[in-house]
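Colleague: Chains as they are written, first to last, in the working numbering: chain A, 1 to 202; chain B, 1 to 185.
The hints are simulated quantities; they were obtained by calculation from the structure and are not laboratory data.
Yeah, the Cβ is synthetic: ideal placement off N, Cα and C, and Gly gets one too.
It cannot be assumed that every hint is accurate.
Derived coverage of chain B by chain A (criterion: at least 3 residues anywhere in the stretch with Cβ under 8 Å from a Cβ of chain A; other residues may be distant) [said to hold, decoys possible]:
id, stretch
1, 8 to 20
2, 40 to 52
3, 152 to 158
4, 161 to 168
Over 12 Å on every C-beta distance to chain B, these chain A residues come out as not near it, computed from the model [stated by the list, open to error]:
id, residue
5, ARG20
6, GLU59
7, SER78
8, ARG86
9, MET100
10, HIS110
11, GLY129
12, HIS154
13, ALA173
Now for the letters of each chain:
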Amino acid sequence: MGRRRVAEETAGTRLKLDGRAAALMAAGFAAGLAFWFAFSGPYEKTVASTAGFLIRIFERPAVTSLSAPGGEIRVDRSDFPPASPRPGLPAADLHFNFVMLAALFAFVPHPLEPRRFGRFWLAAAGLWGIHVLALVFQVESVYATRLGAWSEAHYGSFARNFWTAGFHFYQIAGRFAAPFVLWWMMVKPDLPFRMSDFGRRI
Amino acid sequence: MKGNGKAATSNRRSLLFLARFVALLLGFYFVVASNPVNDAVIVPFTAGVARICAVILSAIGENVSVASTEIRSGDFAVNIENGCNGVEAALLFGSAILAFPAPWRRRALGLVAGLAAIQALNLVRVVSLFWIGAHRPALFSSSHTVLWQSAVVLFSVLLFLFWASREQRTRAAETVGEHGPSPGR
């Protein structure tokens, strides 16, 4: 346990912004992309089942069930007419930001060091929680705005705006900001970089 | 004890930055998402992005036409929406710059230069996505959702880190200039 590591543990991580860091970020992006492609299916199932569970907790009667048959989250309610189509929500839009998280963590020096790799997975767990929450907002916004007279009968003006704005915020800003915020919290980047970290004097 | 105090200050600053960043992001989101701003600023801006991209696409041999925010060729069309017009990366970048402690003049310079760079990259994104959609449609979805969105946002994060480190170094140099080098340096 060197002095450098102790200092970083308490004060933050000194970043480098040079060719090697750029290559690491690209490698992290590629690795994250490969992992994301490989495990999207099972990942979507855990997100869908947890979000469905959370929705049912606050539903009277509890009728919602979410499934992830592949590439989309399917919304089902036991009170839907059996022959009616079930809404399908694009799943990749929800969780592709995992790739950004992987790229950002690869940018940190020695990204595979056990402590740093552990922090990456801690951040990934946080991102999973955000995906679950975003899916709850998305499903509720579907219920609040896309089911015609049923939506108007069951959701007031405040509820419609709350669920729709919440999910819209995730779509426009939240899904891009989430990996950055989690990365910043875990890495605590120590600014400024050193002059030599840029490979040239500015 | 001194080290612990420094670490605590660093942690506090770090958390303060994040709190300001999230608050600004929420504030900017509500401004951008409001109907008057969307109709008067965002839609015309996006239509401008579409027109510039159409000029570039025409220059590289694509036969395209533009209607508001939509670019269309014979058998392919894209509608540029929020999330594809660079505004999402601009919100992130702008919130980070404004949340970071720095003089207003240097924040303004960082904003202007950074937003210009983000928009330049976004033009490359829209043009390349249109080309991919028209000529390699099987690759369009993954290129659109994962590759380009991630690339533009990561680029804006790197721009912010670059600006922030320059800003901190400039401030450190000014402090040394005001007080002179400390003994023993």
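Colleague: Confirm or reject each hint.
Modeller: To see whether the hints hold, each was checked on the structure:
1. 8 to 20: Result for this restraint: holds, n = 5.
2. 40 to 52: Three-residue rule not met by the stretch 40 to 52 of chain B, so violated; n is 0.
3. 152 to 158: holds (count 4)
4. 161 to 168: holds (count 7)
5. ARG20: 14 Å, holds
6. GLU59: 28 Å, holds
7. SER78: 32 Å, holds
8. ARG86: 21 Å, holds
9. MET100: Since the minimum Cβ distance to chain B is about 5 Å, MET100(A) lies within 12 Å and the statement is violated.
10. HIS110: 18 Å, holds
11. GLY129: Label holds. Min Cβ-Cβ 16 Å, cutoff 12 Å.
12. HIS154: 24 Å, holds
13. ALA173: ALA173(A) is in fact no farther than 12 Å from some Cβ atom of chain B, at 5 Å.
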